[in-house]
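Asks: Note that the protein sequences, when read in sequence, are chains F and L. Residue numbers for the first sequence follow the UniProt record's numbering, beginning at 1 and rising by one. Residue numbers for the second sequence follow the UniProt record's numbering, beginning at 1 and rising by one.
The hints are simulated quantities; they were obtained by calculation from the structure and are not laboratory data. Wrong hints could be hidden among the right ones.
Just so you know, same-sequence chains aren't split out, so a pair can sit in one copy or run between any two.
[Stated by the list, open to error] Each computed DSS-like pair below joins lysine-lysine, with the alpha-carbon atoms no more than 30 Å apart:
hint, residue 1, residue 2
1, K585, K602
2, K614, K390
3, K614, K602
4, K242, K205
5, K672, K326
6, K4, K585
7, K654, K24
8, K349, K672
9, K672, K585
10, K311, K672
11, K337, K311
12, K326, K4
13, K26, K390
Only a predicted model underlies this, so the values are computations on that prediction, with no experimental measurement involved.
Protein chains: 2
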Amino acid sequence: MNQKTLMNRAADNIRILTAAMVEKAKSGHPGGAMGGADFINVLFSEFLIYDPSNPFWEGRDRFYLDPGHMSPMLYSVLAMQGKFTLEDLQQFRQWGSVTPGHPERDIAHGIENTSGPLGQGHTFAAGAAVAEKYLEAHLGHEVMQHKIYAFISDGGIQEEISQGTGRLAGVLGLNNLIMFYDSNDVQLSTNCDVVMREDTEMKYKSWGWNVITINGNDVDEIRKALTLANQETERPTLIIGKTIMAKGAVQADGTSYEGDFRTHGAPLGGDAYINTIKNLGGDVENPFVIYDDVAELYAKRNAELKEIVAKRQEIEKQWAAENPEKAAKMAEWFSGKAPNIDWSNLVQKPNSPTRVASAACLGVLSEQVKNMIVSSADLCNSDRTDGFLKDTHNIIRGDFSGAFFQAGVSELTMACMCIGMYLHGGIIPACGTFFVFSDYMKPAIRMAALMRVPIKFIWSHDAFRVGEDGPTHEPVEQEAQIRLMEKLRNHNGEDSVRVFRPADVNETTVCWQMAMENMNTPTALIFSRQNVDNLPEGTNYDMARKGAYVVAGSDEQYDVILLASGSEVATLVSGASLLRADGVKVRIVSVPSEGLFRRQTKEYQEEVLPTGSKIFGLTAGLPVTLEGLVGSNGEVFGLNSFGYSAPFTVLNEKLGFTAENVYNCVKTMLNK
Amino acid sequence: MNQKTLMNRAADNIRILTAAMVEKAKSGHPGGAMGGADFINVLFSEFLIYDPSNPFWEGRDRFYLDPGHMSPMLYSVLAMQGKFTLEDLQQFRQWGSVTPGHPERDIAHGIENTSGPLGQGHTFAAGAAVAEKYLEAHLGHEVMQHKIYAFISDGGIQEEISQGTGRLAGVLGLNNLIMFYDSNDVQLSTNCDVVMREDTEMKYKSWGWNVITINGNDVDEIRKALTLANQETERPTLIIGKTIMAKGAVQADGTSYEGDFRTHGAPLGGDAYINTIKNLGGDVENPFVIYDDVAELYAKRNAELKEIVAKRQEIEKQWAAENPEKAAKMAEWFSGKAPNIDWSNLVQKPNSPTRVASAACLGVLSEQVKNMIVSSADLCNSDRTDGFLKDTHNIIRGDFSGAFFQAGVSELTMACMCIGMYLHGGIIPACGTFFVFSDYMKPAIRMAALMRVPIKFIWSHDAFRVGEDGPTHEPVEQEAQIRLMEKLRNHNGEDSVRVFRPADVNETTVCWQMAMENMNTPTALIFSRQNVDNLPEGTNYDMARKGAYVVAGSDEQYDVILLASGSEVATLVSGASLLRADGVKVRIVSVPSEGLFRRQTKEYQEEVLPTGSKIFGLTAGLPVTLEGLVGSNGEVFGLNSFGYSAPFTVLNEKLGFTAENVYNCVKTMLNK
């Protein structure tokens with residue numbers, strides 16, 4: 001058998017496994033996976049460099065799948081690599097299996113990213129490519145010389161996010177990024193031309209990409225394109241592979257089933273399945289087989305890889321000997337451990353906006369956490385992520401030594417690229433924008449939460465006090481919305497996102513400290529636009545580590561507990577003065593994180609908010625934001641409508657966020 | 001004064017008003033607005049066709065601003081049209097003014113759309129262009145021959161969504177869409193080239209647009225480009241206007257302030273402001289002036305428009321006389337009233353998935369509501385919006401008679417284009433996708449809610465019972481998330497979004513009826529993927545109109561109330577059988593809409609859920625989804641983690657969504 005015949009046989013083997021997996025699961029997406037099999041086979045058997053004995057090797061090429069529904073293709077080729085067993089493939093989409101319907105990040109099995117929502121996967125890849133470049137600039141080419149491969153489909157090309165990715169990969173000249181576009185002209189509901197008649201080659205060229213268009217089912221053309229892509233020195237490469245969906249599939253009546261949109265999202269079914277397996281040269285009775293010659297192909301590649309990797313690791317070893325400091329740094333950066341940070345020199349200016357306090361924290365981090373990359377969606381001088389520019393500069397084409405990633409106005413792309421930086425390894429990413437625009441990022445927040453990526457989300461302009469910009473820029477429901485992710489657990493049993501909304505500049509410091517210590521889940525940090533009075537002298541800010549705590553100056557015996565997060569705590573403090581003048585004794589509780597508070601002992605929770613206490617909650621968000629804390633024995637004053645355009649001091653008055661209104665509400669409540 | 005000098009003087013007048021408004025408000029964005037003034041002046045004084053005596057005239061050209069922060073430019077030119085007073089301009093960004101920081105939809109004042117979050121405004125325009133084409137196809141060119149103008153800035157070009165808009169406007173050949181791109185190379189945080197080096201002309205050409213690049217500050221070039229754009233018969237037109245940000249601005253030291261990013265988001269300030277006003281020929285003491293000759297320019301245009309519009313309205317009158325049925329239809333479609341629908345022939349197949357029941361409802365609507373357009377993001381055969389294809393076909397290039405809009409995989413673009421269809425007038429839009437992808441649509445949901453657009457969101461695959469596709473496709477927090485919009489009120493005091501999750505096929509019918517009757521706010525409809533047993537015989541489904549109601553077969557005297565929405569109600573019914581067999585008496589309450597229920601009388605609410613009752617809630621969402629209904633005297637069993645990949649029947653068992661678990665939970669609760 002000549003090499004080309006063998007390669008086609010290997011691709012057919014992937015197609016057979018794919019069809020069989022979906023058939024056995026009675027659920028899944030055979031068509032796309034069967035069309036993309038040729039590329040994936042060439043990539044994995046001839047190009048992708050990985051260490052067969054250590055899937056975690058930092059120097060490995062990364063492969064990020066965008067269309068997660070093509071999972072059977074990926075699981076099959078990874079089975080050929082030896083990362084899955086044939087038994088695993090037969091458990092596709094079953095409870096507890098390692099082969100879920102859409103891939104879930106599992107590096108030991110060769111799965112670099114969770115995928116499913118289209119467009120995110122290849123954006124993770126672009127982020128990983130930035131990470132690789134950054135690490136190369138800081139550590140050296142010896143240890144960071146690998147490629148980032150992405151695989152995208154028609155749906156991902158259509159998703160809005162691919163514009164951000166195309167633009168940014170082009171601007172930055174990410175020549176280490178090689179993306180294959182499986183262009184099969186068919187999507188779930190229709191043929192593509194109903195919704196897409198773009199010239200994709202031209203589009204990516206407009207973003208500065210190197211574009212190569214080939215027959216994506218032809219092994220020679222694939223090999224040639226990948227070779228050229230690997231030689232590219234200036235631009236990211238897009239290989240547009242025109243492929244045939246459901247390649248090799250045959251209908252029940254014996255006619256071709258290729259290119260039919262019905263093969264997209266359902267098993268081929270019955271006789272169509274049988275005919276297809278036969279047509280591909282498989283055994284219907286026993287389809288879960290890797291042919292001996294295909295197994296040999298991959299075994300040979302594994303042997304080759306051992307040599308390639310041994311050479312690379314020899315270079316790495318020599319580099320480590322010559323650069324012990326860098327080697328130590330690299331080990332630390334890839335350890336996944338929280339960095340050690342000395343916060344002792346941090347000075348916070350009292351009564352500042354918490355976004356300014358955040359900028360001060362970022363200044364400390366820019367000096368000490370040299371594997372942190374901070375991003376902003378064209379708002380760095382407003383969300384104050386520019387505090388991180390204290391000891392670094394922008395990442396630009398040709399110079400990846402800077403650690404500030406200017407993303408432009410594209411919040412979702414920014415978030416996904418930052419997630420990708422973490423997935424690559426070695427980087428701690430953070431990204432900022434206005435809190436109201438966290439809406440744009442929700443799909444990425446969810447994926448970060450699912451994958452347990454410890455990204456830091458920095459959201460400023462936290463409430464209606466955005467003021468003059470009006471309701472489109474004023475968050476109301478957003479705090480309750482993001483706190484739903486504190487209530488949702490990840491598969492590790494942790495709150496899927498940790499959320500902090502600190503009450504003043506000093507609480508901001510403690511929240512940033514906790515954010516940097518949290519390497520298990522994403523952390524959200526929500527900051528004020530406007531000045532916020534410091535909490536009363538004597539407040540033990542370290543207690544913020546318990547999520548909620550009693551603020552200094554609270555009365556030992558009290559008639560009512562006043563409770564809030566963020567800048568509303570200061571309003572409660574002002575209101576408390578009026579109440580005290582009137583003989584009402586109060587306790588004030590700051591709750592930067594309800595989720596963290598609920599993780600404390602029952603005793604502590606009871607100590608802070610004793611059962612039966614009367615509690616008044618104040619929130620610039622929806623009242624429901626605090627209802628779980630206030631309970632049935634209290635009341636919440638919140639905002640239950642969209643905001644308005646006016647100076648924030650006017651809005652405070654109009655909407656009732658004043659000491660006087662706190663006094664009135666509490667008095668009314670106590671007199672009931 | 002020659003015409004060109006006069007036109008430049010008018011543009012300078014807009015610049016002066018802009019600078020003065022921002023200065024007086026001590027807040028705002030002068031730079032972009034000053035750069036775009038030339039285009040806006042040519043468009044409004046020479047091209048835009050509107051009825052000076054009726055801003056609501058259906059045949060008017062529409063203008064959609066994308067960068068809402070350029071509002072002073074729009075308010076100024078509308079003041080020249082006579083739609084705002086100079087006093088209004090001086091109240092810019094103040095409480096209760098008609099000139100908020102970002103424009104808020106107000107057709108009487110010439111504001112067609114709320115804007116602020118970049119990218120959405122021009123997408124509304126593309127949707128409006130589809131609406132115009134659809135209405136032209138159904139009513140006639142005589143009454144629908146206007147143009148849709150959009151104005152976009154660098155940020156909008158970067159936002160992910162502009163890719164969806166570019167693609168779809170190109171595919172559909174929307175030659176009635178003319179977009180001006182104010183390309184000034186400067187954005188908020190940086191110069192554009194840090195984040196964008198794309199060839200925008202090439203990008204839009206790849207999508208099939210007609211692209212004209214000009215000096216965007218030159219009146220002759222602008223006029224020529226607009227003339228060409230108006231002649232285009234096949235393609236949408238993009239006019240790329242290279243403009244100078246803050247044109248005419250001068251710094252405090254007398255040097256140029258043009259093209260400086262500091263002019264983007266803050267008043268020019270002090271001497272820079274004074275120097276700028278002087279440089280533009282304005283009076284610092286009295287900047288809020290429309291020059292006599294500029295006023296005359298606009299008065300002349302108004303006179304011209306009266307003639308143009310009189311002729312058009314004469315044609316319309318004749319058309320109405322010759323086409324009385326179409327004229328009646330047009331009046332009805334533009335009335336904003338809910339359509340009359342005869343549901344009597346609707347047949348629901350018992351025990352079907354509610355998405356299938358929704359498809360049946362859509363079949364009725366496709367036959368009777370001929371101004372409804374339904375869209376799907378490449379999932380019509382799965383979210384079952386394809387039910388609407390019963391009596392219509394896809395909208396395609398060159399044939400806009402169809403009422404199904406295939407959007408491709410781009411949920412946010414789809415939602416915004418559908419919103420734009422409604423903003424245009426005459427169309428009732430609906431759009432569908434999987435519920436988990438409602439995350440992508442949140443920014444558009446919020447804008448629809450703010451503008452009170454009665455779009456129908458159709459979300460299928462409502463919970464973990466998506467099954468094999470796994471956690472990326474299984475909504476958990478989404479129901480609680482969207483219901484936050486039921487708690488958030490719009491500026492009219494209504495729940496900003498009405499949300500329904502019906503319990504079976506018949507409740508689906510009632511919920512669709514309510515959705516069609518609701519012309520005040522968006523409605524969300526959430527449907528099951530899997531079969532759902534019908535509620536017990538005798539259930540009065542009309543009671544679903546109260547948001548929550550007691551299901552047939554409930555015991556008169558009961559020990560516990562079982563409460564749920566969606567398919568969990570059927571699980572409660574099964575659980576109730578086990579409880580009854582054990583002597584426990586139960587009431588079952590279905591709650592398709594908590595928001596609607598809370599709008600009922602206190603008496604009714606008390607009747608359904610009497611104070612002090614023990615209540616057990618079951619939800620496939622986060623427990624918090626029902627906590628407001630269950631209260632402190634009950635318990636909720638919900639899902640508090642991401643879902644898993646497995647057949648949904650297995651997941652029901654593993655996650656506890658079974659009759660047995662209901663029995664166990666309730667028994668434990670009652671025995672406490």
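Asks: Of all the hints numbered above, which does this structure not satisfy? Sort the numbers upward.
Replies: 2, 5, 6, 8, 10 and 12
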